[in-house]
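Here are the chains, one letter per residue:
Number of protein chains: 2
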Amino acid sequence: MALIVHKYGGTSVGTTERIQLVADRIVETKKQGHQIVVVVSAMSGETNRLLSLAKKITESPSPRELDVLLSTGEQVTIALLTMALEKKGCDAVSYTGGQVQIKTDSVHNKARINNIEVTRVQKELQEGKVVVVAGFQGVDENGNITTLGRGGSDTTAVAMATALNANECRIYTDVDGVYTADPSVVENAQRLSCLTYEEMLEMASLGSKVLQTRAVEFARKYNINLRVLSSFKEGSGTLITNEEENMEAALISGIAHNSDEAKLTVIGVPDKPGIASLILSPIAEANIEVDMIVQNVGLNNSTDFTFTVHRNDYEKAMSILKETAKIIDAADVMGDNKIVKISVVGVGMRSHAGVARTIFKALADEKINIQMISTSEIKVSVVVDEKHLESGVRILHMAFGLGKE
Amino acid sequence: MALIVHKYGGTSVGTTERIQLVADRIVETKKQGHQIVVVVSAMSGETNRLLSLAKKITESPSPRELDVLLSTGEQVTIALLTMALEKKGCDAVSYTGGQVQIKTDSVHNKARINNIEVTRVQKELQEGKVVVVAGFQGVDENGNITTLGRGGSDTTAVAMATALNANECRIYTDVDGVYTADPSVVENAQRLSCLTYEEMLEMASLGSKVLQTRAVEFARKYNINLRVLSSFKEGSGTLITNEEENMEAALISGIAHNSDEAKLTVIGVPDKPGIASLILSPIAEANIEVDMIVQNVGLNNSTDFTFTVHRNDYEKAMSILKETAKIIDAADVMGDNKIVKISVVGVGMRSHAGVARTIFKALADEKINIQMISTSEIKVSVVVDEKHLESGVRILHMAFGLGKE
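Just so you know, the sequences run in chain order E and S. Numbering of the first sequence is given in this note's numbering, commencing with residue 65 and proceeding in unit increments. Numbering of the second sequence is given in this note's numbering, commencing with residue 65 and proceeding in unit increments.
Honestly, the hints are just simulated from the structure, not real lab data. Fair warning: this is a prediction, and the values are worked out from it, not measured in the lab. Among the hints, erroneous ones may be present.
One copy or two, it doesn't matter: identical chains are merged, so the pair holds either way.
No farther apart than 25 Å at their CA atoms in a straight line, the calculated lysine-lysine pairs in the PhoX-like style are these [unchecked claim]:
#1 LYS297 <-> LYS336
#2 LYS336 <-> LYS193
#3 LYS152 <-> LYS468
#4 LYS119 <-> LYS390
#5 LYS94 <-> LYS120
#6 LYS167 <-> LYS187
#7 LYS380 <-> LYS151
#8 LYS120 <-> LYS193
#9 LYS386 <-> LYS336
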């Protein structure tokens, strides 16, 4: 008997019919003798419906009240799914984030899980019940409702798996696994049967949209086997695990891309110690996450400093940056939100120097100009004009021989 | 400075526009220097939308999960109303039933409030905030979400007023007060400026639909001034208070009616001690509330036993009663859900014997047959065929001279 955490996203529970299909799948797994905890998102469309209600009242709702509002979405789903399970004769019980005691910090809309109290959940499991938990939400130490931000249900699932010491955490979604590239861009992209946490982290943060970064980080930290599967069709999906168990690691696993970013550049920054911190601190204080950071070697005691943020944060970051520019006496501030980041990911590249060369040559052959470059141990990312998204991804997918024959 | 509890029902918060109007009214009251706690219901239509989702999954959802589902309705409203208040520059904070710690028993769908922990709410009020509380809901001692049943938000409001020792509890609704009869039935019905708890209790339980019985009971027990007002137009509404403060108590305050009941009769019951308990215990165990009970004097050691229940419980009560009839060896069971109960209410009748006579004569003159009669200190109720609803109420309203000139 294994303890398995299932997670179903908004599309998988988007209608009462689909909720019943999800219930079927859970009953099936239960019959195999497993203990099951199910984490669910709000029904697709529900979060937007709630947001539009808030928007009719105010353009800038307070983060606390937004969390009170949005957390109702998952609460509806846990009740409906539990009803569906009970209807099928499967003993089940629902828990909100507050009821489980998913304790988070107090950063509304983007809270982080501190710890989970699983005593009650374990008791329910021992009694043979399926426990249905609301994803995306928690409570802070004062009992205020918090949400984990977009994609937070994945994090809830992995955190529950960790707290319960589960054997596997299955993320059911509308795709049947992780691909070598976005199949809507690259026709012959292949499903990967296995991937390391590190690779998935690079893929996820780079916009594969299959799994939330934080969830993968969590899984890696606590060594939780994570499997991405389709809610709608059968298949073994993609297993995300540690390197030791992923013996056949390829040189390159896939080509990811991300069109959600915008870049900002401070021009003519005095080239002296501490300047990067002066520029980025106000951005961090505004809770804006920075992805790539590039600073060129300075000439004449002056340098350019470029970084990328989520497109939603572009305007806010720009206005903060203009203030900062005055303070640090920079020449100018520039920005561009029509960019795309394309990344080549693979644990195999650690021991192979030729990857960057292959990338640059392939892009040059297509006359695609590279605006920024950033590398890590297992990935090389380039920022290009967003018009090159499709051709860039395709040419790199081909250059590394990732396509189906 | 007074502490005032406001309560707004589903119609009053039915759209985001109306929520903003409610916010205006609260800001207005706040400007008068009062501390305010606001209790709100789900937006009108929301509870039915949630119920229909549940119904698509199962005809008989478990009461626990139904509460998890339905309680999201008020949670949405508290968030939206708090946003609207904040938008108008009014410091406010929302609380779910669980967050306030409105502690109830564990009878899902029909829970009763045991106690309320107001420390946090008091602290927020002292800080100058308007506290917006979700009506209709609470938590049991194990943290399970409970709901108080239909109209439960009134009870939440009065319970909050009691726990906070508030000066007044204002129930804003879609009518501007309590009338001498339903204005849609009796054209010249008049708004009452004042009413005793006892009268309101008889009016409410008899279907005036303005206030929930339990809320009035609560207010009477703790001597809370209760005022019914319109959310949409100005006016002082109807004050419900104790008899001493209501000096002008009329002989008869009003004519109430209730079409929500059904009657059941057990025929040929052995006339011996304990038989009423044998009949009603299984009904009570099924959580069905019984209203009127009539038993005639027995002939030949046999009697008929009649009682009324809510129409929604009619089928269930009937099937229980058929089982009971077998056990107690009754001759037959009969039922009728096409009835209406009409009641004449007034504290003044305590000292006046002629009221019943006036009622019976007025109905007889209209050839309306009386099926059941039940009396209390301050009311006389009759059950008649539902086709006599309008004529019955009108003729009694006229017989006691309650109409406007």
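Need the list of violated hint numbers for this structure, in ascending order. Checked against the structure, the hints that fail are numbers 1, 2, 3, 4, while the rest are satisfied.
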